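A.B. asks: Let's have the full structure, built from the sequences with the hints guiding it.
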Amino acid sequence: MKHTIIRKPCIASLYCLSTLFRLQSAELPVEKARMTAPPRVPPAITRNHPAKVIVEMEVVEKVMRLADGVDYMFWTFGGTVPGTFIRVREGDQVEFNLHNHPDNKLPHNIDLHAVTGQGGGAEGSFTAPGHSSKFNFKALKPGLFVYHCATQPVGMHIANGMYGLILVEPLNGLSKVDKEFYVFQSEFYTEGAHGEEGLQPFSMDKAIKEQADYVVFNGSVGALTGDNALQVNKGETVRLFVGNGGPNLASSFHVIGEIFDWVYPEAGLIANRNVQTTTVPPGGAAMVEFTTEVPGTFIMVDHAIFRAFNKGALGMIKVTGEEDHEIYSGKISDSQYQTMVNSPDKPLLLPKTNAAQKALTLDESIEAGKTTYQATCMACHQANGLGIPGVFPPLAKSDFLFEDIGRAIDIVINGKQGPITVNGKNYNQVMTPQNLTDEEISNVMNFILNSWGNEHPGQIDPAKVKQIRAK
Amino acid sequence: MNTKHFLILGLLSFPIFAGEVTRQIELPAGTFVPLMKNMDAIPVAAFQLDIHAVTNAEYLAFINENPKWQRGKVPRILADEGYLRHWASPTLPGEQAPLDAPVTSVSWYAARAYAKWKGQRLPSLAEWEVAAAMLPEKITRQQILTWYAKPLTHPLPDIFSTQETTAGVWDMHGLIWEWVEDYDSLALLSRAGSDETLSALFCGGAAAGASDPSDYAAFLRYAFRGSLSASHTVAGLGFRCASSPKEPTP
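Top line first, the protein sequences correspond to chains A and B. Start counting the first sequence at 1; every next residue gets the next number (the working numbering). Start counting the second sequence at 472; every next residue gets the next number (the working numbering).
By construction, these hints were calculated from the structure, which means they are not laboratory data. Keep in mind it's a predicted model, so treat the numbers as computed, not measured. By construction, the Cβ of each residue, glycine as well, lies at the ideal position given by its N, Cα and C atoms. It cannot be assumed that every hint is accurate.
With a straight-line cut-off of 30 Å between C-alpha atoms, the simulated DSS-like cross-links for lysine-lysine are [unchecked claim]:
1) A/LYS209 with B/LYS621
2) B/LYS621 with A/LYS425
3) A/LYS62 with B/LYS609
4) A/LYS134 with B/LYS609
5) B/LYS609 with A/LYS209
6) A/LYS134 with B/LYS621
7) B/LYS544 with A/LYS206
8) B/LYS609 with A/LYS206
Just the calculated beta-carbon pair ranges, DEER-fashion [stated by the list, open to error]:
9) B/GLU552 with A/LYS52: 35 to 45 Å
10) A/MET64 with B/THR637: 32 to 42 Å
11) B/ALA516 with A/LYS62: 35 to 45 Å
12) A/THR116 with B/GLU552: 45 to 55 Å
13) B/SER685 with A/GLY117: 27 to 37 Å
14) B/GLU552 with A/GLY198: 52 to 62 Å
15) B/SER685 with A/GLY235: 51 to 61 Å
C.D. replies: Right under this line is the structure:
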């Protein structure tokens with residue numbers, strides 16, 4: 001009797017609860033998930049209650065541009081690299097439909113780091129080409145999460161572009177900002193060297209050795225530079241959802257000339273203030289927020305800087321608006337520097353002079369110019385003279401160079417800023433004035449004009465440089 | 472009806488493979504080392520294997536004699552909606568299915584029925600892998616992987632268009648996927664035993680359990696097979712037949 005008395009209410013309440021739960025599930029309003037292609041982010045969720053959210057994600061294997069002249073067979077979520085950005089709300093019941101396109105060669109699945117459950121959905125979404133899978137999950141924890149394909153060999157599926165971000169908004173939403181963008185770093189391993197043209201197959205050897213040929217934001221070199229730069233007005237607040245797919249390399253994410261007001265490291269919900277560079281590991285993410293105080297082009301880099309210079313890890317945020325010289329003046333003056341201290345064991349540097357030197361033959365000049373090139377020019381224009389597509393213009397077979405060699409000499413002397421078009425491609429970078437003598441400039445010009453297939457009749461002599469300098 | 476189809480077949484495919492018996496080649500006994508370390512090496516007895524995948528022309532002959540395997544007549548439970556999708560009609564392959572290209576978009580049930588009709592069988596996973604491993608030295612794993620860096624073509628290339636193994640079997644890599652009799656043996660093993668084998672199909676766990684974690688092409692094949700059900704059809708998935716040596720008459 002006692003037992004019955006005690007148990008009855010329990011059973012009753014259990015029954016009530018389960019009925020309630022069932023009712024709630026059944027009554028959840030149904031809506032399509034908010035999804036966008038990078039670098040766009042779906043608008044913030046305004047409802048204040050959970051919903052059943054339907055995600056339709058198509059896996060497509062397709063050839064796209066990796067860099068200028070370089071194609072790659074990407075395996076994609078939604079046809080883009082990174083994959084479609086998904087935005088849901090904490091507590092939502094998500095129905096995930098994964099469709100594997102019939103023309104695909106391989107089975108695929110998805111492991112969402114937002115999922116609590118075996119494989120993050122991998123086992124529930126494992127799908128042969130030409131088929132679809134469905135699984136449900138509850139968005140238990142808010143945060144910004146990476147998703148990726150987890151089909152064997154996982155490294156290859158990730159290396160070929162199968163990753164993206166899903167944002168689970170906290171119940172109270174994120175703070176309001178003016179602009180949100182989706183920036184995702186990853187690296188590619190190709191059979192050919194960096195820049196080698198044509199359809200480049202995945203290199204298993206390089207991937208295992210972690211020797212990436214390309215480190216990029218949003219799936220290709222130049223995906224976020226030039227015309228593709230992120231556009232912001234001065235004074236606006238910006239939030240970047242930054243993910244890293246790897247497969248191997250952690251990102252030291254940095255925006256040149258900007259300090260992050262807030263960073264949510266590892267995309268958790270505890271924020272850090274006034275951060276210069278934040279680490280985003282493979283399979284991890286971060287949210288960074290800042291206000292744009294001054295106009296300019298702010299370069300996003302992986303501050304492991306050779307990746308930015310030589311492998312493509314560059315993006316741009318263009319901020320337009322009025323200058324504020326109190327915050328940043330720009331260059332105010334440029335004058336000749338004589339050393340301040342006349343150290344006894346180090347004689348005062350005397351201005352270099354050309355007077356006593358004998359004239360060099362063309363071959364001697366080219367040889368001397370090569371040394372100058374390696375010390376001064378190569379970091380940007382590269383050993384092969386091809387520059388970095390979309391960032392540093394080529395000198396090899398450059399129409400801009402040969403159109404006006406005097407202008408080129410002037411640029412070496414005085415520097416150059418602003419947009420130019422080289423071999424049909426637009427560039428917008430700064431080249432600083434080079435502190436070289438007339439002799440050194442004539443030598444380096446002779447080297448440039450006679451290397452990498454370039455040919456130029458006649459020799460540039462120091463007098464010509466002097467003449468241009470005098471203008 | 473049948474006569475008419477054979478006539479068309481004869482006209483279209485003359486003079487190549489149609490009508491001929493696919494030549495099989497005898498492969499010596501060997502050992503198959505499974506990708507997963509926790510699985511024992513499997514001895515493989517000598518067997519006969521088709522030197523090329525079953526072509527559209529050959530499959531058409533099968534359909535003509537077995538009209539119940541025509542597209543539209545096969546119950547869903549034996550072949551999904553994609554069955555022979557690229558054929559021009561239920562009885563004609565057409566432009567997207569050249570007669571000398573391998574037949575694809577066929578289910579495991581269909582492939583088995585074909586093999587049975589020929590008095591043969593599908594190769595076992597172990598047999599197929601042993602045959603596929605007999606690569607000439609000049610073929611590297613990286614070259615095999617390169618197939619995945621190219622989109623699937625429509626129509627598919629003809630048989631004999633990739634490379635030959637040292638035993639004289641063609642197109643084991645780089646043309647199509649192929650059904651095997653026990654394509655789901657990996658999953659079966661895991662169901663019988665621990666969860667480990669199946670979970671090894673996903674995420675990083677695999678590397679710890681693999682006998683050769685750098686054999687990416689093998690991982691791809693295992694994952695592919697693991698994604699299939701017997702009624703599935705896939706645009707790049709076909710088959711070839713095998714048979715056991717005839718028992719000597721006592």
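A.B. asks: When you take the CB atoms of A/THR116 and B/GLU552, is the distance between them in 45 to 55 Å?
C.D. replies: 34 Å, violated
A.B. asks: Go ahead and decide if the range 35 to 45 Å is satisfied by the Cβ distance of B/GLU552 to A/LYS52.
C.D. replies: 27 Å, violated
A.B. asks: Given the hinted pair B/LYS621 and A/LYS425, is their alpha-carbon gap at most 30 Å?
C.D. replies: 28 Å, holds
A.B. asks: Could one say that the CB atoms of B/SER685 and A/GLY235 fall in the range 51 to 61 Å?
C.D. replies: For A/GLY235 against B/SER685, whose Cβ atoms are near 53 Å apart, the range 51 to 61 Å holds.
A.B. asks: Is it true that the C-beta distance of B/ALA516 to A/LYS62 lies inside 35 to 45 Å, as the hint says?
C.D. replies: Given a distance of about 43 Å, which is inside 35 to 45 Å, the answer is holds.
A.B. asks: When you check the alpha-carbon spacing of B/LYS544 and A/LYS206, does it fall within 30 Å?
C.D. replies: It is violated: about 49 Å lies between the C-alpha atoms, which goes past 30 Å.
A.B. asks: Would the hint linking B/LYS609 and A/LYS209 be met if the CA-CA limit is 30 Å?
C.D. replies: 23 Å, holds
A.B. asks: Below or equal to 30 Å on CA atoms is what counts here, so check A/LYS62 against B/LYS609.
C.D. replies: 28 Å, holds
A.B. asks: Would you check the hint for B/LYS609 and A/LYS206, treating anything up to 30 Å between C-alpha atoms as holding?
C.D. replies: At roughly 20 Å apart (the allowed maximum being 30 Å), A/LYS206 and B/LYS609 satisfy the hint.
A.B. asks: Quick one, are A/LYS134 and B/LYS609 close enough, alpha carbons at most 30 Å?
C.D. replies: 43 Å, violated
A.B. asks: Keeping to a limit of 30 Å between CA atoms, is the pair of A/LYS134 and B/LYS621 held or broken?
C.D. replies: 28 Å, holds
A.B. asks: Given the range 52 to 62 Å, decide if the beta-carbon distance of B/GLU552 to A/GLY198 lies inside it.
C.D. replies: Distance hint for B/GLU552, A/GLY198 is violated at roughly 37 Å.
Hint compliance for this structure: hints 4, 7, 9, 12 and 14 are not met, and every other hint is.
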